Every structure is written in structure tokens, then in C-alpha cells.
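*Asks:* So the protein sequences, as listed, match chains A and B. Using this note's numbering, the first residue of the first sequence is number 1, and each one after it goes up by one. Using this note's numbering, the first residue of the second sequence is number 1001, and each one after it goes up by one.
Hints listed in this document are in silico derivations from the structure and should not be mistaken for laboratory results. Since the model is a prediction, treat every value here as computed from it, not as a measurement. Ideal Cβ placement from N, Cα and C applies to all residues, glycine included. Among these hints, one or two may not hold up.
Computed from the model, here is a short list of chain B residues facing chain A with C-beta under 10 Å [as the list claims (entries may be wrong)]:
(1) Ile1027
(2) Ser1087
(3) Glu1088
(4) Val1092
(5) Asp1101
(6) Phe1102
(7) Glu1115
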Amino acid sequence: MVCRECNTENRSGGKFCTSCGAPLGIICSRCGKVNELDDRHCGSCGLALAISLKEESSASTQSSTSLASSAAIKQYSRQEVEELLALRKALIKEESSAEPMSQDDIDKLFG
Amino acid sequence: MALAYRVLVVDDSAHIRILLVKLLKRIGFEFIETAENGKIGLEKFASFKPQAVFLDGIMPEMDGLAVLRAIKGQSSETVVVITTSLSEREKVLQFKESGADFYLMKPFEEAKFREVSQKVVSTLENRQKES
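Make the full structure from the sequences, and use the hints.
*Replies:* If you want it as C-alpha cells, here you go:
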């Protein structure tokens, strides 16, 4: 697979370019999975990738064409994907730690 | 039944201090001291040497967590009951990990306060038997 960023020929199956680290597929905006370029739905969470692309660029009114897909792919480097995933994990953890406990739950915790 | 244990109530709300003293006396505790903030609470802890402390979570000067850590650092045997409106899991876990023995969420019913106080008495009795 040829990287759209640096034109390096990559082995098939890889998700990121081995030369520049750019994603070689479509990144799902809901769960962060990198899907194949011709996937129409995310293989992890099922989100329609056309919708995913729209969500990624709310300011843009681009339609879900392959051209739009290409534009979206170019928006993220591997480092950015990792940062987004780390941010998502942190948000989930924050939500969980801010969750209120009932007196019954607290009693179970303290015994 | 008269209880000879010394109890310290640390809370910045005068209403809560009065209420807790009243409830503790109803249960049978006779030796009760109060403090209006964490700093004074620690001073009274050093002089009064209570076996049990009812400690507010949010206070000026020193918050409940800092006071709890200081108390447990000096005397791990002291039974500490956190009385607070803080209910976030992270906060509750911080108190638990810092050595709090019991946790009573405000507002509470008298029955719940009695239940927790009874646990305090049982814990103190067990520790007395062990020592």
C-alpha cells in the first residue's frame, strides 16, 4: 500500500506508514479504530465511516465521497491518533471517577 | 449506656457540630470535644487524644483529607468517621486509601448516624480487646 503522505510503499495490512507514520486507513471518530480505505463501516464499533468523516469535520459540509475520505486520512498522523486515544481514555476515566456513590455503595466499600 | 470513649467532632459548621454532639450524647458518649476547622482539630487531637473522630471532608485551613492523613500518621488506632457531602468515587476512594474507617454522607438520618456510631463503638471495643 502506497502512503498518500510520502509515497512510501508499505506492506499490506499495515495501518500506518512505516516511513512517516501517517495512517493508511480511515480512522473512526467514535472509537479510534483505523479501518481499511474501502470500509464503509467501522469494524470495531459499526459507525458508518461516512458519518464518521462528517463528525470529524463539523465545519465542513463535504459529502462522504472517496475524496472526502482522502482529506480525512491526511488530517491525522500516528502521534495525533495516539494523543486522541489517550485523551479519550482520560475522559472515560474522569467520568468514572466523578461518578457519585450512594451510601450503600460506600458502606460496601468500607465494610 | 454511658460510653467512656473520647470523641472529637471536627466540622466548620456550628449547626453540624451542635447536632453531632447532641446525637453522640443520645447514643451515650460523654466525653466530646469540638473543633471548627482542621487546624484546630489537629491541636485538639494532640491535647484531647480522642479514640474516635467525626471529621468533615470540606473545611477551611485544612481539609478533611489532610487532617485524616495527619491523624492516621500519628495514631492509626484512632477510629475516623468522615462526615461529608462529597460523594464522587475518586474522593471517597482517597479517604478510604488514607485510612478512614467509616464514611457518612450528609445529609443523613439519625438512624444511619446511630448505625455508624455503633460500628465505631464495636471497632473500639475490638481494638481494646486486642491490645
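*Asks:* For every hint, state whether the structure bears it out.
*Replies:* Hint check:
1. Restraint check, isoleucine 1027 of chain B versus chain A: the minimum CB separation of about 19 Å is more than 10 Å; hint violated.
2. Interface restraint check for serine 1087 of chain B: the shortest CB-CB distance to chain A comes to about 4 Å, inside 10 Å, so the restraint holds.
3. For glutamate 1088 of chain B, the shortest C-beta to C-beta distance to chain A is roughly 5 Å, which falls under 10 Å, so the interface hint holds.
4. A distance limit of 10 Å between C-beta atoms decides the matter here; for valine 1092 of chain B the minimum to chain A is near 5 Å, and the interface restraint holds.
5. Because the smallest distance between the Cβ of aspartate 1101 of chain B and any Cβ of chain A comes to about 7 Å, under 10 Å, the interface hint for this residue holds.
6. For phenylalanine 1102 of chain B, the shortest C-beta to C-beta distance to chain A is roughly 6 Å, which falls under 10 Å, so the interface hint holds.
7. A cut of 10 Å between beta carbons decides the hint on glutamate 1115 of chain B: the least distance to chain A is about 9 Å, and the hint holds.
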